[in-house]
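Whole structure, please, built from the sequences with the hints as guidance.
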Amino acid sequence: MGKRTSKQAAPSDVEVRLDGVAAAFEEGAFEEALAGAEALLAEAPGLPEALHWQAATLTELRRIEEALEAYGKALKAAPDDLELLLGAAECLVCRVGDDREAVEEGLELCARGRKLAQRASDVELLFEFLLLEGTGLNQVGECARAMVSLEAALGHVPRSVEARLERAIALFELCRFPDAQGAFEEVLKDAADEPWAHHYLGLLAERRGEAKEARKRFGKAQAVAPKEFPPPVELGEEAFDKAVEDAVKALPGHVKEYLDNVTIAVEEIPKDEDLLGESPPLSPCILGVFRGSPVGERHSILGTFDPYPASIVLYQKNLERFAKTREELIEQIGITVMHEVGHLMGLDEDDLWQRGLD
Numbered sequence: 001m002g003k004r005t006s007k008q009a010a011p012s013d014v015e016v017r018l019d020g021v022a023a024a025f026e027e028g029a030f031e032e033a034l035a036g037a038e039a040l041l042a043e044a045p046g047l048p049e050a051l052h053w054q055a056a057t058l059t060e061l062r063r064i065e066e067a068l069e070a071y072g073k074a075l076k077a078a079p080d081d082l083e084l085l086l087g088a089a090e091c092l093v094c095r096v097g098d099d100r101e102a103v104e105e106g107l108e109l110c111a112r113g114r115k116l117a118q119r120a121s122d123v124e125l126l127f128e129f130l131l132l133e134g135t136g137l138n139q140v141g142e143c144a145r146a147m148v149s150l151e152a153a154l155g156h157v158p159r160s161v162e163a164r165l166e167r168a169i170a171l172f173e174l175c176r177f178p179d180a181q182g183a184f185e186e187v188l189k190d191a192a193d194e195p196w197a198h199h200y201l202g203l204l205a206e207r208r209g210e211a212k213e214a215r216k217r218f219g220k221a222q223a224v225a226p227k228e229f230p231p232p233v234e235l236g237e238e239a240f241d242k243a244v245e246d247a248v249k250a251l252p253g254h255v256k257e258y259l260d261n262v263t264i265a266v267e268e269i270p271k272d273e274d275l276l277g278e279s280p281p282l283s284p285c286i287l288g289v290f291r292g293s294p295v296g297e298r299h300s301i302l303g304t305f306d307p308y309p310a311s312i313v314l315y316q317k318n319l320e321r322f323a324k325t326r327e328e329l330i331e332q333i334g335i336t337v338m339h340e341v342g343h344l345m346g347l348d349e350d351d352l353w354q355r356g357l358d
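Numbering follows this note's numbering, in which position 266 of the sequence shown is assigned residue number 266; successive positions increment by one, without gaps.
Don't take each hint at face value.
Quick list of simulated restraints, FRET-style, between CB atoms [to be verified]:
1. Ala23 to Asp193: 24 to 32 Å
2. Asp98 to Gly182: 53 to 61 Å
3. Asn261 to Arg119: 54 to 62 Å
4. Gly236 to Glu26: 27 to 35 Å
5. Glu245 to Glu60: 44 to 52 Å
Hints in this document: simulated from the structure, not taken from any laboratory.
Ideal placement from N, C-alpha and C gives every residue a C-beta, glycine not left out.
This is the structure we're talking about:
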């Protein structure tokens, strides 16, 4: 009789097919990887590994809603899988777009994954969760909390360019400008072409009034990442003022009533005192600001005299950088005017966000 071979030593058909999906994914053949994952799911609908590959490939193919649905199914099947948690959180924080609810949902997954990674002593994944958490917190304006997560991440991987960059962004958003300057310069020592570092150094130079240095930095960012940093849409002073006037005229009649004795002005960028007048400070990239007391809260010991006259200021350079087209800029001017009028009326950021005016 011939020698018997052990069938147990050979990988299963499912394992072989999963390896094929993984190989296709690593090669960037995402349609092929997706087809392989979905073929497995047709036979075993709850297979967590196949659901994970399906979600990951859908993410790369920018089919984000379908990806999130697949991640949801996968996490029901394997709720404590660290790789799954990280993939789903990354999709929510980095891929959905400008969606605060999605980022906050991603941050919840980060917190869960971070705790599980700590228990498992998985330093590599713990770092990834901390970095993603810091990124998400920066996105929702929780930059002081982002600093805590990012410094913890750097405690594990001190030379991480991504973590150092996010930390520098948090410093900038917290208006710690000298610290941010040094942090971005340190990033460039290890990643000389990092476009975000050049962009933010341009913003810092602009704040110092160093126009030539700002143009150089903005130009470098645009040369390295033209899609991320297209040239700003510039209206010119007269056209910009006209767009602001049109935005005010377009306000509903009952809203215009709140604008009696309110000054509406345009400035290039926010002054330090406007940013640091709040705690935590306002973002240097804000599009507009309301100064003064909201309607209903104005008071003075001197009769009807208001020592803090209300005003709305729009920041032209920030708005021009925010928009990708002239039409988008004009639309955003209108949204920003309405946003600041909302503050005048006594609405807070949560109220404005619920109305789509954040």
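Here is what the structure says about each hint:
Taking the beta carbon of each, Ala23 and Asp193 are about 31 Å apart, inside 24 to 32 Å as hinted. A beta carbon spacing of about 30 Å between Asp98 and Gly182 contradicts the range 53 to 61 Å that was offered as a hint. For the pair Asn261 and Arg119, the supplied restraint of 54 to 62 Å holds, since their beta-carbon distance comes to about 59 Å. For Gly236 and Glu26, the Cβ-Cβ distance of about 50 Å falls outside the hinted range of 27 to 35 Å, so the restraint is violated.
At roughly 45 Å, the beta carbons of Glu245 and Glu60 sit within the given window of 44 to 52 Å.
Taken one by one, the earlier hints fail for this structure at numbers 2, 4, listed in ascending order.
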